[in-house]
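Protein chains in written order, with UniProt numbering: chain W, 1 to 260; chain E, 1 to 260.
Worth double-checking, as some hints may not be accurate.
To be verified - Derived DSBU-like pairs (lysine-lysine); straight-line CA-CA distance at most 30 Å:
| hint | chain 1 | residue 1 | chain 2 | residue 2 |
| --- | --- | --- | --- | --- |
| 1 | W | K115 | E | K251 |
| 2 | W | K67 | W | K83 |
| 3 | W | K83 | W | K140 |
| 4 | E | K67 | W | K251 |
| 5 | W | K251 | E | K115 |
In case anyone wonders, no lab produced these hints; they're calculated from the structure.
There are 2 protein chains.
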Amino acid sequence: MRLTFIGSGNVATHMAAAFKNAGHRIVQVYSPNMHNAALLAYHVGAAATNQLNEISSETDIFIISVKDDAIAQIAEALAVHQKLIVHTSGSTSLDVLLDYTNNAGVLYPLQTFSKTREVDFLTVPLCIEAANDSIYADIKELAAAVSNSIYSINSAGRKILHLAAVFACNFPNYLYGVARQLLAGYDIDFNLLRPLILETAQKVQQQLPASVQTGPAVRNDQTTMAAHLQMLEGQPHLQAMYTLLSQGIIKNNNGEHEDK
Amino acid sequence: MRLTFIGSGNVATHMAAAFKNAGHRIVQVYSPNMHNAALLAYHVGAAATNQLNEISSETDIFIISVKDDAIAQIAEALAVHQKLIVHTSGSTSLDVLLDYTNNAGVLYPLQTFSKTREVDFLTVPLCIEAANDSIYADIKELAAAVSNSIYSINSAGRKILHLAAVFACNFPNYLYGVARQLLAGYDIDFNLLRPLILETAQKVQQQLPASVQTGPAVRNDQTTMAAHLQMLEGQPHLQAMYTLLSQGIIKNNNGEHEDK
Chain W
1 MRLTFIGSGN VATHMAAAFK NAGHRIVQVY SPNMHNAALL AYHVGAAATN
51 QLNEISSETD IFIISVKDDA IAQIAEALAV HQKLIVHTSG STSLDVLLDY
101 TNNAGVLYPL QTFSKTREVD FLTVPLCIEA ANDSIYADIK ELAAAVSNSI
151 YSINSAGRKI LHLAAVFACN FPNYLYGVAR QLLAGYDIDF NLLRPLILET
201 AQKVQQQLPA SVQTGPAVRN DQTTMAAHLQ MLEGQPHLQA MYTLLSQGII
251 KNNNGEHEDK
Chain E
1 MRLTFIGSGN VATHMAAAFK NAGHRIVQVY SPNMHNAALL AYHVGAAATN
51 QLNEISSETD IFIISVKDDA IAQIAEALAV HQKLIVHTSG STSLDVLLDY
101 TNNAGVLYPL QTFSKTREVD FLTVPLCIEA ANDSIYADIK ELAAAVSNSI
151 YSINSAGRKI LHLAAVFACN FPNYLYGVAR QLLAGYDIDF NLLRPLILET
201 AQKVQQQLPA SVQTGPAVRN DQTTMAAHLQ MLEGQPHLQA MYTLLSQGII
251 KNNNGEHEDK
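With the rest of the complex left out, here is chain W (with noise of 0.2 Å):
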């Protein structure tokens, strides 16, 4: 299949390799900046531009992944190629380019990229949606070339499945970097911690994440707990966020939620 990019970002970095590596042909990478649609283009061996106008109707997908306030406007300058048009984004709805054509789809890859760092494409869940069941096949048969982990999501479970992955993904990269300011403070190497970091993820690969709990909370341990807030004196956003997830893992326990 030929396939054109909008957008030159991490996602669009890794799925197009993946895809070209599959044996699929990218044919041009669209970015408003030059150099980083050059820059995709020459890794995939495909033509850049910037211009939305040169861009050509000679390929079978357009896979739009931009900013997701920029999609509406790139499907709507895209359908009058009345070609398939896909978007990779978790928060936004089908309808944004069902809005500007029929022949659409979503192929949302739930990881989180950095083009620093290679991903193994084939362990990243693919989650598909499409304006009718012919498309869906479509995508699926294109998906199933780099992914083994394919599922129907519709819009609506797409947005969940965003949220959920900033409590699972964004917000713990960032308690890890608090992690490491803590022991900057007493000049103790952040080495020290990514065993421990690792090994946290990897418990719940098998595991439900409340039956491995481990810490002060879990034990309810008032004493360990008071401390380690004296600890955080000076800085009340640590403080209240110490508070806030704490509690969460109390109640928890407690059975007061649902995750056992």
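Fit chain E to the known structure of chain W by using the hints.
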């Protein structure tokens, strides 16, 4: 060396197994709960007791791995044997042992242990503190038999490490559970998030957390954050958490913290 374990919880279980595998002899396991003492003793070929006054002097090191507030009382009871006494607690000062004996040290394993899960002990950072250089050398030799990652950390450093571990392990694990709950409400499989959780932890094994932060907050994407808060309507605890954690990410990104 002959080792006696006081306690039979997660840390004692993993540590005793590691020392036994490294060729040391576990002579006795004490726990107030005889069933737990016998279970661990069986696994490491030791005798079991639930009576403090039945703990034998025929050992080289007592390793105390019990709840923090029980350490002092146990140390007092063991001091009569005039052997090296070591505790494994992150948040307990060495002084708690020094009140009863000068033959004392700390061996703190910085990892999250669950009885149901194997851990590669060679990668577990072991933090050592001792009453003097000679004891430090003895504990270091013992530690080096089971781990490649040995650090000299005093009581103040260990306390901050323990606090940092709460942020790097206990709180992220709680947030994994929140994500699972959010998906459960829509009947979406937690398996979709597992690769994301693992990749998030793997990313910071080589890189710094702030340099690989992704998500709406680091992009200062106010539209998505507002939509997420709306999806959390009726869950004020999660809304407060979302706001506090997002504010932290935004502040970091604006250079208001030093984690760059």
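Against the earlier hints, flag every one the structure doesn't satisfy and list their numbers going up. none
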